[in-house]
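Make a model of the complete structure from these sequences and hints.
Residue-level listing of the chains:
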Amino acid sequence: MCPDHLDWTEKYRPQSLGDVVGNDAAVKALRQWAMTFGSGKRAVILHGSPGVGKTSAALALAGDMGWEYIEMNASDQRNKAIVQQIAGSAAKAGTFEGVAGRRLIVLDEADNLSGNQDRGGESAILNVIKTTDQPIILIANDLYALSKPLRDAALTIPFRAILSTSVARTLRRICAEEHIKCDPDALMKIAERTSDLRSAINDLQAAAQGKGEVTLADVATGERDVPETIFRVMDLIFRGKDMMEALKATYDLDMNPEDLIGWVDENLPREYKDDDLERGFEAASRADVYLGRVRRRMDYGMWRYAGFMQVCGVNRARRRRSGGYTKYSPPTYWKKLGWTKAARATRDSVAAKIGKACHASKKEARSSYMPMIQFLFEREDLAIRLSAELKLEEDEIAFLLGAKKASKKVGEIYKKSRELIVEEIEEDIDAFARFGKYGGPPAEGEPRKALIRAAGEEEEKPPAKKPEKLEAKPKRARRKARDGGEAAEPEPTAPEETPALQQLPEPPVETAITPEPDKKKQRTLFEF
Amino acid sequence: MFKAVINAEVFKDAIEAVSTLVDEAKFRLTKDGMSARAVDPANVAMVAFDVNAKAFDTFEATEGEIGIDLVRFMDILGMASKDDKLQLNLNEETRKLEIRTGGLAYTLSLLDPSSIRKEPKVPSLELPAKIVLNGTELRRAVKAAEKVSDHMALGVQDKTFYVEAEGDLDKVRLEIPESSLVSLKSTGNVRSLFSLDYLNDIVKSLGKAEQVSIDLGSDYPVKFTFGIAGGNGTVVYLLAPRIESE
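Protein sequences appear in the order of chains A and B.
Position 447 (the first sequence) corresponds to 447 in our numbering; numbering is contiguous.
Position 208 (the second sequence) corresponds to 208 in our numbering; numbering is contiguous.
Treat the hints as calculated values from the structure; they're not laboratory data.
Be careful, since some hints might not be right.
Distance windows between CB atoms, simulated [claimed, not checked]: (1) A/Gln15 - B/Lys85: 48 to 54 Å; (2) A/Met35 - B/Arg95: 46 to 52 Å; (3) A/Ser39 - B/Asn189: 27 to 33 Å; (4) B/Asp32 - A/Asp183: 42 to 48 Å.
Idealized CB from N, CA, C, for every residue including glycine.
Structural data, given as C-alpha cells:
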C-alpha cells in the first residue's frame with residue numbers, strides 16, 4: 001500500500017505511552033498497572049468517548065513494555081467459542097520467548113458485543129479474565145454497558161476528552177511532519193469542533209491531503225454530526241415549540257423508533273397532565289400500531305409514520321404548559337418484563353389448563369374465564385374443586401388467589417385438591433372393579449386384582465375405548481397393562497364381561513396420570 | 001507469474017500444514033518454490049512452510065505474493081481425487097487463481113496480501129534437546145493425552161523421551177526410550193507444558209510424517225520440524241508453552 005494513502009490516524013498513532021496526547025493521569029495509572037503486573041488485578045478496562053486515545057494507549061503500552069499483543073475488536077466475531085479459543089489460549093500460554101514472555105490481550109470495543117452473533121462472549125471474557133496468566137486490556141465507550149462482575153474483575157481507568165488546545169497542538173505537529181502549510185486558525189477550528197482527536201486528524205487529512213496547505217476556508221465547510229442526547233430530545237418533544245425541530249433532533253439520535261417510544265411512554269406521564277396526557281398517549285399508541293406493523297410486515301417504511309406520531313403527535317398533544325424541571329428516566333418496560341417473567345409464565349400455564357377444560361384458546365381463557373375463576377377462588381371449597389378439576393400446581397393456585405406460593409392457604413388448597421384427585425381416581429378404580437369377576441362391591445384388596453385382569457383385557461381393544469385423558473402417559477400405562485395382563489392371566493377374562501368393560505367411561509390406565517395411584521399399580525406388578 | 005502442476009494429494013497435505021493454524025495466509029512465490037509464515041490469532045503457534053520447486057511436476061514463478069483464503073482453498077482441494085494432477089495458474093490481471101483438476105476448473109479470488117496479518121518474525125531459539133521420532137508415535141501420544149486433560153507435557157528425562165498429561169482426576173504417561181527413537185540428543189533433563197488444542201491441530205499433518213524432529217527446552221517453546229511433499233519441502237511448527245499455574 002502506498003504510504004500516502006495511509007490513514008494519518010494510523011500513521012501517527014503513538015508508539016510510546018509518552019506520546020499519548022492528554023489523559024496524563026490515566027496513562028500513569030495504566031503504566032503503573034503494567035509495571036506491577038502479577039500483583040493485583042490482571043485486567044484493566046479503559047473507558048471513555050471515542051477517539052481520546054484508549055486503543056492507542058493500550059498498543060503504546062505493549063510497545064513500551066516490550067510485550068507482544070493480540071487484539072480482538074468488533075470486526076472479529078467474538079462469541080463464546082471464539083473468545084475461549086483465541087483470548088483463552090492467549091491468556092494461558094507463554095510466548096515464543098518462553099513462559100516468562102508477556103502477551104497483552106486487547107479486547108477492543110468490549111461494550112459492543114453483539115447479542116446474537118457474539119452470544120456468550122461476555123461471560124467467556126469474564127472467564128478468561130479470572131484465569132488469565134497474561135495481562136488483558138478491555139476497551140469500552142460505555143463502562144456501564146459491561147456487566148458488573150466484569151467491572152469488578154478489572155481495574156477501571158477512565159479516559160477523558162482531550163482539550164482543544166492539545167488537539168490543535170497535535171494537528172500542528174502532524175502538519176509539520178507532512179510538510180503542510182497550515183493556518184493556525186484553521187487547526188483551531190478543527191480542534192474546537194470536537195474533543196475527539198481521531199476525528200480531528202481525519203478532518204485534517206480530508207482538508208489537507210494532496211493540497212499541501214490548510215486554510216480556514218478548507219475547514220469551514222461541513223460541521224461534524226454531533227450525536228443528540230436523549231434528554232435533549234425528550235425536552236424538545238415534550239416542551240419544544242417546533243415539532244420539526246424535535247423530529248430532526250431524533251434523526252441525530254443514535255436510537256431507533258422502537259427504543260425511542262419506550263422513552264416517550266415512560267416520561268409522558270411525568271410531563272403531561274389530564275387531557276394533554278390522554279391526547280399524548282393517543283398519539284404514542286398510534287405510533288405503536290405502526291411499529292407493530294413494522295415488526296409484522298418487515299416494512300421499515302412505517303418507521304417514518306411511527307416517528308411522526310411519537311414525536312410530532314406527542315408534541316402537538318400538549319395544550320397547557322407548565323414550568324419546572326422534570327427528570328427524564330430510561331424506560332422501565334423491559335425491566336418490568338424481566339421482573340414479571342415468572343408470574344407471566346404461571347399465568348399462561350393456568351390459562352392453558354383453563355383453556356383445555358373450557359375448549360377455549362389460551363387468550364380467551366385469559367381474558368374471559370380467568371377473572372371468573374379468580375372470583376370463584378374466593379370460596380375455598382370451590383377453589384379446591386377447581387384446583388382438582390384443572391389439576392393446578394401450587395404456584396398456579398397462588399397466582400389465582402393472588403397469594404404467595406409458600407402461604408398456608410395455598411398449601412392447604414393444593415393438598416386438599418390432590419386428595420380429591422386421588423379419591424376420584426380410587427372411585428373410578430372401584431367402579432371399574434365392580435364389573436370384574438365378582439360383580440358386587442369389592443372386598444379389601446380386591447380392586448387391585450381386578451385391575452390387573454382389566455388391564456389385560458384392555459390391551460385387546462385399546463383404540464376403541466381410550467378416552468382423551470389417557471393421552472397423558474399412554475405408553476407407560478399400556479406397557480404396564482401388558483405386563484400385568486400377561487403375567488396374571490394369559491387367557492382373557494370371560495367373554496360376558498367384555499361388553500361391560502367397553503362401556504366404562506374411564507379405564508384404570510388413566511390412574512397413571514397422578515403419582516399416588518401410580519404407586520398402587522406398581523405394587524400390583526410386584527405381586528407376580 | 002505463477003504456473004504449476006502438482007499431484008493433488010501431495011499439495012493438499014502440504015497446504016493443510018498451514019490451514020490447521022490460520023484461515024488465511026500470505027504465500028511468497030519465488031522461482032525456487034513457495035513459502036509461507038503464519039501465526040495463529042492468539043499468537044501461540046507459528047508455522048513456517050516451504051515447498052521446493054522440485055515437488056512440482058512443473059513450476060514457473062516470478063517473485064510475488066498471493067493471499068489465499070485457506071478455508072475455501074482446502075474446500076476446493078478436497079474435490080480433487082488422490083491421483084489427480086492439479087494445475088495452478090495465477091491470472092495477474094484479475095488477481096484470481098485458476099485451479100484445474102480432474103476436469104474441474106475453479107477460479108479462486110485471492111485476498112489482498114496487505115489485508116492479511118503481518119508475517120511473524122521467526123525467533124531463533126537455542127533448545128537443549130532434540131528428539132527425532134516417527135510422526136505417528138507423537139500423534140498417538142496426543143490422542144491419548146486428550147482423553148484426560150487439555151494440556152500435555154513433553155520432556156526428556158535420563159535419555160528417555162516422555163509425554164505426560166494430567167487431568168483433574170486421571171493421568172497418562174507415555175515413555176519412549178532412546179532405543180525406540182530415531183535419535184535423541186539432550187544436554188540434560190527438560191520439560192515444557194503445551195496446550196492440547198494446538199497440539200491436536202499440529203499432529204494432524206505432523207502425524208503423516210515419517211520423521212519428526214522435536215526441539216525442546218524447559219518452559220520454552222517447542223519446535224517441530226518435518227518434511228512434506230516427499231522431502232521436497234519442510235514445515236516447522238513453533239508452539240509457545242503453557243504457563244503452569246498453581
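Going through the earlier hints one by one, which of them does the structure break, listed in rising order?
The structure conflicts with hint 4 only, although it agrees with all the remaining ones.
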